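The task is simple: from the sequences and hints, build the whole structure.
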Amino acid sequence: MIRSADSGPAGIRRFRSRLLLAMMGVVVAVTASGIYFAQRRADDDAQNDLRGDFELELAALHRLQDLRNAAVADRSKTLARNPRIHAALEDNALDLLYPSAQEELRGLMTEAGTTSATVAAELQAQFYRFLDAQGQVLVPPTSDAGTLSPNEQRLLSPPTVPQTMQTGYLTQSDSSGQRSVREIIAVPIRSTETDEVIGALVLGFKPVETTARSTNTGMRSGILVNEELQLPEFDQAGEEQATRAVLQSLTRAGEREHSLRTTIAGVPHLLFYKRLNPASTYPPAYEVCLYPLTQLQARERKLRAQILGAGGLFLFGGFVLSQFLSRRLSQPVEELAVVSEENLAQRQRAEAELQTTEEELQRSARFSADASHQLKSPITVLRAGLDSLLARDGFSQEVYEEISALIHQTYRLTGVVEDLLLLSRMDAGKLRLNLKPVDVTHLVEEWVDDLQAMPESADLKVETNIPAELKVAGDPKFTALILQNLLDNARKYNRPGGTIRISARAARGQVELRVANTGRGIPEEAQPFIFERFHRAGASEDVPGHGLGLNLARELARLHGGELRLLRSDAEWTEFSALFLKAAPAGRSPDTAK
Amino acid sequence: MKHPAIFILLALMFSFSRDGRAEIAIEGTVGLPKTQSAPVANERYEIVSEAGVLKTDPPRAVVYLEGSFPKPATLPVKQMEQKDLTFIPSLLPVELGTKVEFPNLDDVYHNIFSYSPAKRFDLGRYPPNERPTPFQIFDRPGLVTIRCDIHEHMRALILVLDTPYFTISDPQGRYRLTKLPAGHFVLKAWVNSKTTRERPVDLADGATVRVDLP
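Sequence lines, in order, name chains S and H.
Quick note on this note's numbering: the first sequence kicks off at 1 and runs consecutively.
Quick note on this note's numbering: the second sequence kicks off at 1 and runs consecutively.
These aren't lab readings, by the way, just hints derived from the structure by calculation.
No experiment lies behind these values; they were computed from the predicted model shown.
All C-beta atoms, glycine included, are put in the ideal place defined by N, C-alpha and C.
Please note that the accuracy of each hint is not assured.
[What the hints assert, rightly or not] If you want a taste of the chain S side facing chain H, the calculated C-beta under 8 Å gives, among others:
hint, residue
1, R84
2, L96
3, S191
Written out as structure tokens, the structure is:
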């Protein structure tokens, strides 16, 4: 129930604002999580895109490397089969080694001064060196095998003579001091006779250039080898920053392909790296790819703006919707509140009215009682006076008749007053019933005997059909009063030579007594009102009565837990039905009621 | 030769008259590495390399006497044939300055060359029965690995020795050097490209010295 404190307009407003607040909270939470997840998804997508680029790049790289390695391996096999190279290695004729190989390797070496733009350029070696059976570099007598500084030459020598093809990387300085990474492939040369490794050929290539490097994703890639990283379009500081980032990540996460975010030259970058020569005896080298996040961040900013815009729109829509919904939802509550307020007012009014009515009723009941008492004594005095006048001699016959009529009127007056007194007591709820088994048969018989004594009713025929010893639970006095009322009416409103039929039967704990009489019926329009006070249903003045009888009888019947009804009233018969409670078997007396 | 006895006598007299002494010889056994394959009866063997060491298979040794000997005016011409895509013989000891011919008895081209420090040469590609027969004069002592540029498996060794006294052992390592001068020398046995055993020997007239080089 809504308390009166909350049912006011302030309570409604508070309820509505609370509802709105809760809904807005939900909308904000949904929007925020939506933005968060959308952003994270976008972030992941972007990173995955870049990772995909990196993978693609590496795949292309490895495809080209495989192609080249196959070509190199094939070439080295041919070399190893070459008796002259075999002879040079076995006979220690190193001066003849390089000249002997020159012919074989001519197709593999870059022609001086020519720059080929075809894929075949990837297969052109920049330099080559032979290693002896101990893995030491055999220094060529001429520069035909490509120039290398002694230090660079030293890097060509693996810790042991390679048993399988090994890939390594080194940084080479050219004549102008420009540093560039060279990919080196060491191929063992095996004796065709014993399959022993009698030496090795090391070839130096330009690292494979992939097409991805030329796309405009802003990607920079380089090869990290010997803690040195060459990155195009970066100064040395930037290269060192990237190198540090990768080396730190390497010590932390190992050689597994990895991605990390780092800031290089003040610009955040996404960095991927992967070892290029896994399981090689040469020092590890890593392909390092850097994606400036400026573009990505711009994309993210745009996306964020879009997401935030959408979120804002959603938020706004949510607010509007929640406003609308909260109003819609609170409306019934408000209505309920208003209705309940009205109800309360009505109830209060009704209660007040009830109070007033009760008071009035009490007052009127008291008034009736008082009035009845006040009236009874003057009537008694009046009748006593009239009786003494009647007893006196000396008046004419007319006077005596007049006095007799007056005395009769005093009796009638007494009856009215008594009835009123009784009714007022009932209205005030002050009537007490003394319930006991009452013999209906006996009561009817008494009345019939009285009837026989009345001269004006001598020609009336009375038919009774009442089971013997039929007893009802009732106050003897008031039960007799009800019966008398009904039977008197049947007599009074009968026609001369008419019939009164009295029947009774017991059923389901009740006793129904029917009293029917012949004579003029009660007009149909008057029938609903016959039980009202001071109503006389079209009774002519010659019929005695004061219009309280039926009302009193019904009130009494109801007080006894019974009922009084008009069953029918037509030209032939007028029949009433009175219901009583059947008397309980002997030994038990029914409860008394107020 | 109707009178062999006279011939033998004459020969003996001749030899005696030249040296004025009895014949000196060295014989013995060179310890050879054991091989998995059973010794074959014929004279053919090939050159194999193992861990960079060239040797004959089945193993044989070249035993020679090292010292200062007068140079002969002429030296016999030796031959190393190429037949059935191999060199015959595979191991050829020659005296310094010997001319070795390389006749091609196969149906295909060969290209004989050597990168060995003792003798570098390249005969170029030549057809079967090339005339004049390609040759080389080996004028530096040492081991020369002979190869064919066309057939990578073909290999032979020429051991150039600065002595006229040398011989090849049999597969069991047995050898016999005859007609040796008297004096103090070093007896050497070449086993493979990395192994040469030696022993000083004093040779006296008419004696057959037994020297084992295990």
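Tested hints:
no., hint, verdict
1, R84, "holds, 6 Å"
2, L96, "holds, 5 Å"
3, S191, "holds, 7 Å"
The structure shown violates none of the earlier numbered hints.
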